[in-house]
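**Student:** Residue-level listing of the chains:
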Amino acid sequence: MGSMARVNVAAIPIPGVDADAGRVFETKMTSPPESASNEAPDELAAIGLAASEPVVPEPEIIPTVSLRDVAQAMLKHITRERMITAGLACISIGALFLIWYLGTKYRFEFYIRFKNVPTPAEVFQQAAQVGLSNKFLYNIAISVRRILTGFAIAIAIGVPLGLMIGRYGRVRDLFMPVVEILRPIPAIAWVPMSIMLWPNNEAAIVYITFIGAFFPILLNTIHGVHSLDGVLVRAGRCLGANEPQLFWSVILPGSLPHIFTGLAVGMGVAWVSLIAAEMISGQYGVGYFTWEAYSLVDYPAIMLGMITIGVLGLACSGIIRMVGILLMPWLAYASGSKR
Amino acid sequence: MTVIDADTDVHKGFIDVRNMGVTFGSGDSAVVAVKDVSLNVRPGEFVSLIGPSGCGKSTLLSIVAGFVKPTSGEAMLDGQLITRPGSDRGVVFQQYSLFPWLSVRKNVEFGLKMAGESQSKRNITARSLLDLAGLLSFENHYPDQLSGGMKQRIGIVRALATSPQVLLMDEPFGALDTQTRVVMQEILTNIWQQFRISVLFITHDIEESIFLSDRIYVMTARPGRIKAEIRVPLPRPRKAEMTDSPEFMNLVQELKGLIREESLAAMAPELKDRGLSGFGMKVGPKGVGEIF
Numbered sequence: 001m002g003s004m005a006r007v008n009v010a011a012i013p014i015p016g017v018d019a020d021a022g023r024v025f026e027t028k029m030t031s032p033p034e035s036a037s038n039e040a041p042d043e044l045a046a047i048g049l050a051a052s053e054p055v056v057p058e059p060e061i062i063p064t065v066s067l068r069d070v071a072q073a074m075l076k077h078i079t080r081e082r083m084i085t086a087g088l089a090c091i092s093i094g095a096l097f098l099i100w101y102l103g104t105k106y107r108f109e110f111y112i113r114f115k116n117v118p119t120p121a122e123v124f125q126q127a128a129q130v131g132l133s134n135k136f137l138y139n140i141a142i143s144v145r146r147i148l149t150g151f152a153i154a155i156a157i158g159v160p161l162g163l164m165i166g167r168y169g170r171v172r173d174l175f176m177p178v179v180e181i182l183r184p185i186p187a188i189a190w191v192p193m194s195i196m197l198w199p200n201n202e203a204a205i206v207y208i209t210f211i212g213a214f215f216p217i218l219l220n221t222i223h224g225v226h227s228l229d230g231v232l233v234r235a236g237r238c239l240g241a242n243e244p245q246l247f248w249s250v251i252l253p254g255s256l257p258h259i260f261t262g263l264a265v266g267m268g269v270a271w272v273s274l275i276a277a278e279m280i281s282g283q284y285g286v287g288y289f290t291w292e293a294y295s296l297v298d299y300p301a302i303m304l305g306m307i308t309i310g311v312l313g314l315a316c317s318g319i320i321r322m323v324g325i326l327l328m329p330w331l332a333y334a335s336g337s338k339r
Numbered sequence: 001m002t003v004i005d006a007d008t009d010v011h012k013g014f015i016d017v018r019n020m021g022v023t024f025g026s027g028d029s030a031v032v033a034v035k036d037v038s039l040n041v042r043p044g045e046f047v048s049l050i051g052p053s054g055c056g057k058s059t060l061l062s063i064v065a066g067f068v069k070p071t072s073g074e075a076m077l078d079g080q081l082i083t084r085p086g087s088d089r090g091v092v093f094q095q096y097s098l099f100p101w102l103s104v105r106k107n108v109e110f111g112l113k114m115a116g117e118s119q120s121k122r123n124i125t126a127r128s129l130l131d132l133a134g135l136l137s138f139e140n141h142y143p144d145q146l147s148g149g150m151k152q153r154i155g156i157v158r159a160l161a162t163s164p165q166v167l168l169m170d171e172p173f174g175a176l177d178t179q180t181r182v183v184m185q186e187i188l189t190n191i192w193q194q195f196r197i198s199v200l201f202i203t204h205d206i207e208e209s210i211f212l213s214d215r216i217y218v219m220t221a222r223p224g225r226i227k228a229e230i231r232v233p234l235p236r237p238r239k240a241e242m243t244d245s246p247e248f249m250n251l252v253q254e255l256k257g258l259i260r261e262e263s264l265a266a267m268a269p270e271l272k273d274r275g276l277s278g279f280g281m282k283v284g285p286k287g288v289g290e291i292f
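Protein chains in written order, with my numbering: chain A, 1 to 339; chain R, 1 to 292.
Source of the hints: derived by calculation from the structure; they are not laboratory data. Incorrect hints may appear among the rest.
Facing chain R, a subset of chain A residues (Cβ under 10 angstroms, in silico) [what the hints assert, rightly or not]:
(1) Asp229
(2) Ala235
(3) Gly240
(4) Val250
(5) Pro253
(6) Gly254
(7) Met328
(8) Trp330
(9) Ala332
(10) Ala334
Computed far set for chain R versus chain A, every beta-carbon distance over 10 angstroms [said to hold, decoys possible]:
(11) Ala30
(12) Arg231
(13) Gly257
Note that CB positions come from ideal geometry on N, CA and C, so glycine has one too.
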């Protein structure tokens with residue numbers, strides 16, 4: 001009813017608080033550093049962020065050689081932290097390879113036996129030989145398909161159910177007893193039952209993958225709802241949100257950080273479960289490839305399978321983390337954030 | 001005079017609380033939080049509720065907001081019984097209650113979005129309100145990038161976005177430092193001057209309640225009752241200088257007297273029975289030990 005009138009608010013000069021005065025006030029608030037509390041730095045940061053774009057180091061540049069200097073300075077500035085990070089990562093992974101290399105080179109044997117372990121070179125040869133063969137790629141594709149299917153079903157059931165359990169006491173009373181009984185059973189223990197339960201091997205393996213991912217996703221989603229600040233739910237209701245709107249616009253986004261923790265953990269457990277299921281009952285898949293290599297005494301292929309699993313797992317959790325950053329840009333500013 | 005005045009219905013926004021009582025728990029563990037409270041806020045009036053901590057003033061506000069149901073009595077808005085939260089009552093909380101996942105502008109738009117308003121209308125309303133709060137240049141920031149004072153200003157205009165009839169404020173400046181607080185009070189009176197809607201303002205700060213209000217209710221210590229109702233005859237619009245005027249000082253003195261008794265009572269109920277004079281005499285020579 002008053003919508004038209006409200007629109008004009010911006011144009012009205014307001015005594016004391018017109019836009020300019022407001023901004024002056026903003027700067028006034030930031031200027032006294034003694035203004036106690038942890039507020040001042042935040043405000044400075046906010047204003048610094050707002051102002052950072054126009055403040056390109058223009059006045060300092062003398063337009064002859066300096067462009068290069070600036071570029072170099074920037075390069076130095078940006079890469080310093082990252083170089084250290086990257087360097088440490090290289091040392092970390094390099095150390096692993098070095099132990100492997102030295103162990104296999106000198107055939108280290110003192111309780112741990114490197115006697116039959118293939119050398120890095122042998123595995124590399126194997127990778128070059130098998131790595132791009134259709135059979136190997138097919139195994140990878142099958143594993144990825146199983147993971148994605150099981151994981152997608154786990155999200156589709158786990159997240160809505162978790163939100164409901166977290167929100168409604170009665171739903172919690174109904175579902176939690178079952179969850180608490182089924183949860184301690186590891187996905188691998190489901191293998192025999194799963195083979196009996198499902199019409200084919202493929203469905204059984206997807207089911208085991210699903211079980212692995214499901215519980216971490218469910219429990220973290222419940223935790224996300226519970227740790228959501230109650231004042232946000234109340235604020236949502238005061239602003240006229242009905243229950244479905246509250247779910248979609250407050251509870252879901254508010255639980256999202258915890259849900260993503262659940263997805264990251266769930267993805268890890270899903271890989272463990274998948275590989276175990278493939279080793280026991282599979283045809284095709286990276287787990288099957290690795291186990292078959294063991295049966296055929298093809299040692300380099302075992303290592304290749306292991307490394308493949310590691311890389312695939314890393315890629316999957318990397319994708320989840322990236323999606324998380326894209327979906328939750330606000331977390332970069334949250335208190336306690338390291339970014 | 002301003003365009004917004006035309007928007008406000010002078011007959012809307014009447015809060016009427018009658019014989020309200022709230023008891024938490026039951027049996028032996030029952031705690032009477034509020035007892036037989038009656039108060040009202042007339043359309044366009046700014047009313048403060050002041051009292052010692054734990055006196056049930058926030059509980060009272062929660063009832064008017066619709067979060068808590070009273071044990072006895074009733075709360076009405078324009079003749080309608082209040083049973084649940086709704087966008088006809090804007091609420092500003094003591095804790096920062098902006099949605100951290102929404103930008104500043106999207107936060108202000110939230111209520112309008114829930115009401116199904118179009119994107120363009122939401123955008124225009126939110127931007128004009130942010131301009132009013134002096135924060136238009138921060139519209140695309142996230143709440144976590146802002147200071148406490150900025151967050152509360154956004155909280156206030158967010159509550160105003162759905163054109164509520166009343167604004168309920170639960171110690172909104174309680175978490176701010178003193179300097180920010182004083183400026184925020186001025187900003188609030190200015191915003192209120194624009195919208196002229198009824199405000200029920202909870203605080204424990206005496207100067208704040210006088211500076212902002214037309215009327216002040218003073219509550220007793222738990223169980224909370226209305227101890228006194230005080231009119232603030234200071235002219236509008238309120239200016240910061242007024243806090244030095246003799247009228248203001250007198251009101252501060254009056255309220256201080258009323259509240260000190262209750263604060264003492266809230267801290268140690270037995271002190272209230274002995275009276276304040278008894279307190280002074282007994283502590284003197286023998287030390288505090290005798291009393292506590």
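**Student:** Which earlier hints turn out false for this structure, listed by number in ascending order?
**Tutor:** Hint check: nothing fails, all pass.
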